[in-house]
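Engineer: Protein sequences appear in the order of chains D and U.
Each step along the first sequence adds one to the number in this note's numbering, with nothing skipped, and position 115 is 115.
Each step along the second sequence adds one to the number in this note's numbering, with nothing skipped, and position 13 is 13.
One or more of the hints may lead you astray.
What the hints assert, rightly or not - 20 Å max Cα-Cα, derived SDA-like pairs, lysine to any residue:
(1) U:K18 with U:R110
(2) U:K57 with D:K38
(3) U:K55 with D:K112
(4) D:K112 with U:R44
(5) D:K38 with U:T15
(6) U:K71 with U:E30
(7) D:K112 with U:E79
(8) U:K3 with U:P107
(9) U:K55 with U:L45
(10) U:K3 with U:M88
(11) U:K3 with D:Q2
No lab work stands behind these hints: they were computed from the structure.
Each chain, letter by letter, is given below.
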Amino acid sequence: AQKVTQAQTEISVVEKEDVTLDCVYETRDTTYYLFWYKQPPSGELVFLIRRNSFDEQNEISGRYSWNFQKSTSSFNFTITASQVVDSAVYFCALSEAYVPLTGANSKLTFGKGITLSVRP
Amino acid sequence: DVKVTQSSRYLVKRTGEKVFLECVQDMDHENMFWYRQDPGLGLRLIYFSYDVKMKEKGDIPEGYSVSREKKERFSLILESASTNQTSMYLCASSLPGLANNEQFFGPGTRLTVL
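Put together the whole structure using the sequences plus the hints.
Structural biologist: Structure below.
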């Protein structure tokens with residue numbers, strides 16, 4: 001069975017600090033996708049990134065960066081120079097292949113989330 | 001702008017009532033999902049649907065049912081609400097397949113059962 005572990009439950013940092021959110025996954029699939037979502041206080045989950053299992057290049061988007069390492073089954077997320085607006089719950093997720101009668105499909109397995117608080 | 005909308009942001013119901021939570025998406029997505037979110041437990045999948053009139057049980061389907069009569073609408077039904085169903089309910093939709101299966105989420109419905 002698929003599993004996503006976010007061992008950190010709550011992290012509190014002061015503005016401008018760097019912070020890394022950890023994600024470890026388990027899967028038997030050879031092809032899979034990993035995701036990060038952000039849930040601000042308003043409640044709606046916002047998609048941040050999708051990564052496929054064949055692409056281990058790190059990715060950077062502004063202050064956000066992601067480190068994908070298949071050898072350790074990890075997909076960690078780093079926020080550089082954190083800001084108060086980064087305060088949110090962050091979820092890591094893993095796609096799971098699901099093949100109903102009508103054809104190939106998939107669903108996501110989510111971790112339990114990490115609550116990040118950035119203090120001014 | 002793509003959108004997933006949910007019928008209510010907040011809902012208060014009494015134990016034993018039948019509750020309908022409605023979700024509508026305007027992206028012509030085949031897949032739709034219902035989750036509940038509880039502190040310390042993350043998102044747990046209740047039911048999902050990969051086509052009209054099709055449904056599949058997720059990880060915690062007990063006490064719930066769903067209906068998908070039209071592609072854009074996916075309803076979650078609590079036949080007889082109980083206090084342990086007090087939670088945040090999130091609806092999502094996505095394209096089919098393993099690739100491009102990013103899920104788009106609605107704003108959530110916070111349900112309180114008294």
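Engineer: The structure should be examined with respect to each hint, and the outcome stated for every one.
Structural biologist: Against the structure, the hints:
no.: 1; hint: U:K18 with U:R110; verdict: holds (16 Å)
no.: 2; hint: U:K57 with D:K38; verdict: violated (26 Å)
no.: 3; hint: U:K55 with D:K112; verdict: violated (25 Å)
no.: 4; hint: D:K112 with U:R44; verdict: holds (9 Å)
no.: 5; hint: D:K38 with U:T15; verdict: violated (33 Å)
no.: 6; hint: U:K71 with U:E30; verdict: holds (7 Å)
no.: 7; hint: D:K112 with U:E79; verdict: violated (27 Å)
no.: 8; hint: U:K3 with U:P107; verdict: holds (10 Å)
no.: 9; hint: U:K55 with U:L45; verdict: holds (12 Å)
no.: 10; hint: U:K3 with U:M88; verdict: holds (19 Å)
no.: 11; hint: U:K3 with D:Q2; verdict: violated (29 Å)
The structure fails to meet hints 2, 3, 5, 7 and 11 from the earlier list, while all remaining hints are met.
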